[in-house]
Structure formats: C-alpha cells, structure tokens
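*Asks:* The residues making up each chain are set out below.
2 protein chains.
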Amino acid sequence: MSQLTTDPAAFLQWIKQQIPLTAAMQLQQLTFDGRQLRITAPLAPNVNDKGTGFGGSLASIATLAGWALTTLYLRHQGLECDVVIADSHLRYLAPVNGDFEARVSLPLGDESEQLLQRMQQRGRGRLELQVEILCNGELCLSLDGRYVAMRRADSQGA
Amino acid sequence: MSQLTTDPAAFLQWIKQQIPLTAAMQLQQLTFDGRQLRITAPLAPNVNDKGTGFGGSLASIATLAGWALTTLYLRHQGLECDVVIADSHLRYLAPVNGDFEARVSLPLGDESEQLLQRMQQRGRGRLELQVEILCNGELCLSLDGRYVAMRRADSQGA
Chain B
1 MSQLTTDPAA FLQWIKQQIP LTAAMQLQQL TFDGRQLRIT APLAPNVNDK
51 GTGFGGSLAS IATLAGWALT TLYLRHQGLE CDVVIADSHL RYLAPVNGDF
101 EARVSLPLGD ESEQLLQRMQ QRGRGRLELQ VEILCNGELC LSLDGRYVAM
151 RRADSQGA
Chain C
1001 MSQLTTDPAA FLQWIKQQIP LTAAMQLQQL TFDGRQLRIT APLAPNVNDK
1051 GTGFGGSLAS IATLAGWALT TLYLRHQGLE CDVVIADSHL RYLAPVNGDF
1101 EARVSLPLGD ESEQLLQRMQ QRGRGRLELQ VEILCNGELC LSLDGRYVAM
1151 RRADSQGA
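Chains as they are written, first to last, in the numbering used here: chain B, 1 to 158; chain C, 1001 to 1158.
Quick caveat, the hints were computed from the structure, so don't treat them as lab data. Where a beta carbon is used, it is the ideal one built from N, C-alpha and C, also for glycine. There could be a bad hint or two in this list.
[To be verified] With the Cβ distance kept under 10 Å, some of the chain C side facing chain B (calculated, not the full set):
no., residue
1, P1045
2, D1049
3, R1091
Make a model of the complete structure from these sequences and hints.
*Replies:* Put into structure tokens, the structure is as follows:
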C-alpha cells in the first residue's frame, strides 16, 4: 500500500490523493533525509488578493510539513501511526513573493527518541516542531507546532 | 468594483476569484451582521487521510474568517484597507466530522473603535480576534489571531 511507503515521492502522491486541498495547492516536491523534510510549492495556486502568498495556504503547508515529518520519522522506525496537530503558533514575518518551501527538522535534543519510547510504552506520544517557510532565501513564516501520534492497532512496530 | 462591496455574497464571490485556494475549499456562504461573520464549508473538499477535516483547511478558513471580518468592518466605515494576519495561535480541540462553520465577532470592548481611531490617525492599526470552527454544534478549533490593517493610499475614508 502506497500509504505505508517511506519513499518521499510516493508519500507525496498519496497525500495529494487523500487530502484534496494539497492537490489544489499543487505541492511539487517532498524530500526527507531522515532528519529534515522539505516541501516545495508554487505561488500561483496559493496566491491572495494582493498577489502574495495566501496566509491560509502558508498555514496549511507549514502544518502539513510537520505532520509529514512526524509520520515519516515514525514510519522509518516501523511504527504506523495516526498523527494529528494539537496546537500551533504561527508568525507571519514577510510576504511570500514567489515559489516557496516549507522546511522542518527533527529537534536537536532527544525529543524524537523520547517520542519513540512513549510510542512503545503507551502507544501515544507528542513532538514539538518548528516549521519555517522560506521564499528566495527569506524566512516568511514560522510555525511552532505540537503534534500528537497514536499508534495504530494494526501496527507491528520495529 | 466587486472588491469594494459590503454585500456578503458578492464579497465571497470576489474572495473565491482572488484566492484560488478558497475556491478549492468550496466556501459556501458568508454572512455578516455588522458584528459577527460566519463562513460555511463542506467537509468533502477539506478532508484529510482519516476522513475528518484537514488541519490545514481548518487553519485556512479560520485565518480567512478573521481577515474577512476586519476587511468588511473597515469597509462598512468607508475605509478600504489591506489587511494581513501577523500571528495566530490555533488549538485543535476535536475532529471535524461533517460540514462546518467558522465564526468570529468583533471584540465586546472598545478595540474595534480604537482600530478606527488608529486608522484615521496613523493609517495603520491592529485587531485581535478569536475565531471558532464549529461542527454539529461542537467547538473543534479556536484561533487567536492578530490582524494588521493598512489604509490604502487611494482610500477616501468615511
């Protein structure tokens, strides 16, 4: 099943099939090196009345990037989970004037290992992530998000 | 020009023309009684992989509702402004299991009058709003947002 893939391109294709708004946003490329995840998107389908990036599109793609990182990280560990966002704080720092990228990395501390321990012990855990949206090298939006993962009953684990 | 209308249906039509993602979200109805604004949307185009409301769609529509309230409120006072969101805090409280509504009201205090004063004095002001998303009577998401309005150079004022 493509939804269980860890291949970034197949995962993006599955996202666009399952979440119609992500197809409308014309998400272009998703990359994941095991620590950092990036999603690129064009401006045109995500534009607002002022010709810059629509705040709702930016919020959507940033929210999705953190969700995708959490999902793929757990899947790399053999854990198939439902991941949801619990809360987020967004700062709109500069207008997006062109095609843009959402970028998010696993925390530098041991939070991601703690998440794995909690998943094994309780089947549930959380991860706090900072997502950034960049356009032409400029930081345009930051999202501090708290994501909650729940292990699926049919997940076998690593 | 339809973009200067205060008629809610014409304003929604203009939004969907200007912001393609709002057409993809199939926003249905926008109402505004001078204090409270509501926007309704169907679940189907805003669904996620779990069959519930996609967090990005909910964030988008909540963000848009506060922007629309600020824009229409100022327009009712004869002020044509560019309105942007500066930051927001979102809490995802319950899954959205059906068609849903975003709801936002002007603050009960004198913040909206203060905004008008600042617009007249400085051509710039801000408004803090709390947007709620409800589904089947249940509060599913809250957004605390800070919106900034900048008077357009060609705006004549009230």
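*Asks:* With reference to the structure, classify each hint as holding or not holding.
*Replies:* Status of each hint after checking the structure:
{"no.": "1", "hint": "P1045", "in the structure": "holds, 5 Å"}
{"no.": "2", "hint": "D1049", "in the structure": "holds, 4 Å"}
{"no.": "3", "hint": "R1091", "in the structure": "holds, 5 Å"}
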